[in-house]
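Using the sequences and the accompanying hints, generate a full structural model.
For the sequence shown, counting from 1, position 263 maps to 263 in the numbering used here; every step adds exactly one.
Calculated from the structure, these hints are not laboratory results.
Values in this document were obtained by computation on a predicted structure and should not be read as measured data.
Some clues are possibly wrong.
In the EDC-like style, the derived pairs of lysine to aspartate or glutamate whose C-alpha atoms are separated by at most 20 angstroms in a straight line are [what the hints assert, rightly or not]:
hint	residue 1	residue 2
1	Lys13	Asp91
2	Lys144	Glu109
3	Lys196	Glu217
4	Lys64	Asp242
5	Lys138	Asp113
6	Lys68	Glu33
7	Lys144	Asp113
8	Lys200	Glu158
9	Lys36	Glu89
10	Lys204	Asp165
11	Lys206	Glu240
12	Lys136	Asp165
13	Lys142	Glu109
14	Lys196	Asp15
15	Lys13	Glu158
16	Lys162	Glu193
17	Lys36	Asp246
18	Lys206	Glu192
19	Lys64	Glu192
20	Lys84	Glu67
21	Lys200	Glu190
22	Lys84	Glu132
23	Lys36	Glu81
24	Lys138	Glu167
25	Lys200	Asp165
26	Lys14	Asp242
27	Lys142	Asp6
28	Lys221	Asp242
29	Lys162	Glu132
30	Lys206	Asp15
31	Lys142	Glu158
32	Lys144	Asp85
33	Lys14	Glu240
34	Lys71	Glu81
35	Lys71	Glu240
36	Lys204	Asp6
37	Lys136	Asp85
38	Lys68	Glu240
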Amino acid sequence: MQNRIDTLFTNKKKDILSVYFTAGHPEPQSTVEIIKTLARHGVDMIEIGMPFSDPMADGPVIQKSSEKAIKNGMSLPRLFEQLKDIRQEVDIPLLLMGYLNPVMQMGMETFLDKCAATGIDGTILPDLPLDEYAQKYKPLFKQKNLHNIFLISPQTTENRIKQIDAESSGFIYMVSSAAVTGAKSTILAEQEEYFKRINKMNLKNKTLIGFGISNNETFAKACNYASGAIIGSAFIRALEQDGNMDENIRSFIQSITTKSPAL
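This is the structure:
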């Protein structure tokens, strides 16, 4: 069976919307309902955050959501328990994103077994070293039909980007700036220069742009330079609003994907 991430990139060439949220936030049992609601309202892919007590690369919104999720009792074993029937509900690609520490506590092989059994399509583990992945874990990922997604940033050297591209499968996560995660209202000219530079490298993997994508303008601009974009902090803020969760999610996704009328 083809990995769902590959199927997505084969069937949809542009404007892919991937949404990140933290499992166990805002409520202990809200994870599955959020996934189902996102899928129902047209999101292409979902990144489920594994909460961690020291999320170094994350901005304040995601940090707070992780703290709340841990207080709510969310853990990696509990997350897998909640997701055990998810493939009876949704068929879009699902990834687990988070830090290496909880994964290594579980054991990489056990973690990957649970991912495969649950129907997870890939992982994003920003602090997993590329060399360690290539030497120790890549065959395991391949055996389980799982992609591991690596991040690049404006500071990543061309040689390193080529190494990442050679070892990667699924897609490459283009971090839009050197800052931590967080919603920004515009994309700067220097970021566009970085996007153009990556495009000229003709990487074998598709790219999605994340960090700072928060509205229709930043999503549309990112999609000019990549297959799509990833939204995290802005969506978590939408989840925290009062009112009906289904309506809040629907209106948020609509605000991101509805094309602005031409001037």
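Okay, the hints, checked on the actual structure:
1. The suggested pairing of Lys13 with Asp91 holds, with an alpha-carbon distance near 18 angstroms, which does not exceed 20 angstroms.
2. A distance of roughly 10 angstroms separates the Cα atoms of Lys144 and Glu109; the hinted pair therefore holds under the 20 angstroms criterion.
3. Note on Lys196 and Glu217: the hinted pairing holds, with a Cα-Cα distance of about 18 angstroms set against a maximum of 20 angstroms.
4. Between Lys64 and Asp242 the CA atoms are separated by roughly 17 angstroms; this keeps the pair inside 20 angstroms, and the hint holds.
5. Our distance criterion of 20 angstroms between C-alpha atoms is met by Lys138 and Asp113, whose separation comes to about 14 angstroms.
6. Between Lys68 and Glu33 the CA atoms are separated by roughly 18 angstroms; this keeps the pair inside 20 angstroms, and the hint holds.
7. Of the pairs offered as hints, the one joining Lys144 and Asp113 holds, with about 7 angstroms between alpha carbons and a cut-off of 20 angstroms not exceeded.
8. Our distance criterion of 20 angstroms between C-alpha atoms is met by Lys200 and Glu158, whose separation comes to about 11 angstroms.
9. Taking the CA atoms of Lys36 and Glu89, the gap is about 7 angstroms. The hint holds against a cut of 20 angstroms.
10. Restraint check for Lys204 and Asp165: the C-alpha separation of about 7 angstroms stays at or below 20 angstroms, so the hint holds.
11. The hinted pair formed by Lys206 and Glu240 fails the criterion: a straight-line CA distance of about 32 angstroms is larger than 20 angstroms.
12. The hinted pair formed by Lys136 and Asp165 meets the criterion: a straight-line CA distance of about 18 angstroms does not exceed 20 angstroms.
13. Between Lys142 and Glu109, the direct Cα distance comes to roughly 12 angstroms. Compliance with the 20 angstroms bound is thereby established for this hinted pair.
14. Restraint check for Lys196 and Asp15: the C-alpha separation of about 17 angstroms stays at or below 20 angstroms, so the hint holds.
15. At roughly 25 angstroms between alpha-carbon atoms, Lys13 and Glu158 are farther apart than 20 angstroms, so this suggested pair is violated.
16. Between Lys162 and Glu193, the direct Cα distance comes to roughly 18 angstroms. Compliance with the 20 angstroms bound is thereby established for this hinted pair.
17. Proposed proximity of Lys36 and Asp246 is supported: the alpha carbons are some 10 angstroms apart, at most 20 angstroms.
18. Distance check on the hinted pair: Lys206 and Glu192 sit about 17 angstroms apart at the alpha-carbon level, within 20 angstroms; holds.
19. Of the pairs offered as hints, the one joining Lys64 and Glu192 is violated, with about 30 angstroms between alpha carbons and a cut-off of 20 angstroms exceeded.
20. A threshold of 20 angstroms between alpha carbons decides the hint, and for Lys84 with Glu67 the separation of about 24 angstroms lies outside it, so the pair is violated.
21. For the hint pairing Lys200 with Glu190, the CA-to-CA distance comes to about 16 angstroms; that is within 20 angstroms, so the pair holds.
22. At roughly 29 angstroms between alpha-carbon atoms, Lys84 and Glu132 are farther apart than 20 angstroms, so this suggested pair is violated.
23. Straight-line distance between C-alpha atoms of Lys36 and Glu81 comes to about 16 angstroms, which keeps the hinted pair within the 20 angstroms bound.
24. Simply put, Lys138 and Glu167 have alpha-carbon atoms about 8 angstroms apart, close enough for the 20 angstroms limit, and the pair holds.
25. At roughly 14 angstroms between alpha-carbon atoms, Lys200 and Asp165 fall within 20 angstroms of each other, so this suggested pair holds.
26. For the given pair, Lys14 sits about 33 angstroms from Asp242 by alpha-carbon distance, which is inconsistent with the 20 angstroms threshold.
27. Simply put, Lys142 and Asp6 have alpha-carbon atoms about 13 angstroms apart, close enough for the 20 angstroms limit, and the pair holds.
28. Among the hinted pairs, Lys221 with Asp242 is inconsistent with the structure: their alpha-carbon atoms are about 30 angstroms apart, more than 20 angstroms.
29. With a C-alpha separation of about 17 angstroms, the suggested pair Lys162 and Glu132 falls inside the 20 angstroms cut-off, and the hint holds.
30. Distance restraint check for Lys206 and Asp15: the Cα-Cα separation of roughly 12 angstroms lies within the 20 angstroms cut-off, and the hinted pair is therefore satisfied.
31. For the hint pairing Lys142 with Glu158, the CA-to-CA distance comes to about 26 angstroms; that exceeds 20 angstroms, so the pair is violated.
32. Distance hint between Lys144 and Asp85 is fulfilled; the C-alpha atoms sit about 18 angstroms from each other, no more than 20 angstroms.
33. A threshold of 20 angstroms between alpha carbons decides the hint, and for Lys14 with Glu240 the separation of about 29 angstroms lies outside it, so the pair is violated.
34. Between the alpha carbons of Lys71 and Glu81 the distance comes to roughly 18 angstroms, so the proposed pair stays at or under 20 angstroms and holds.
35. At most 20 angstroms may separate the alpha-carbon atoms for a hinted pair to count; Lys71 and Glu240 meet this at roughly 16 angstroms.
36. Between Lys204 and Asp6 the CA atoms are separated by roughly 13 angstroms; this keeps the pair inside 20 angstroms, and the hint holds.
37. For the given pair, Lys136 sits about 30 angstroms from Asp85 by alpha-carbon distance, which is inconsistent with the 20 angstroms threshold.
38. A hinted pair counts as satisfied when its Cα atoms are at most 20 angstroms apart, and Lys68 with Glu240 qualifies at roughly 12 angstroms.
In terms of the numbered hints stated before, the structure departs from hints 11, 15, 19, 20, 22, 26, 28, 31, 33, 37, listed from lowest to highest.
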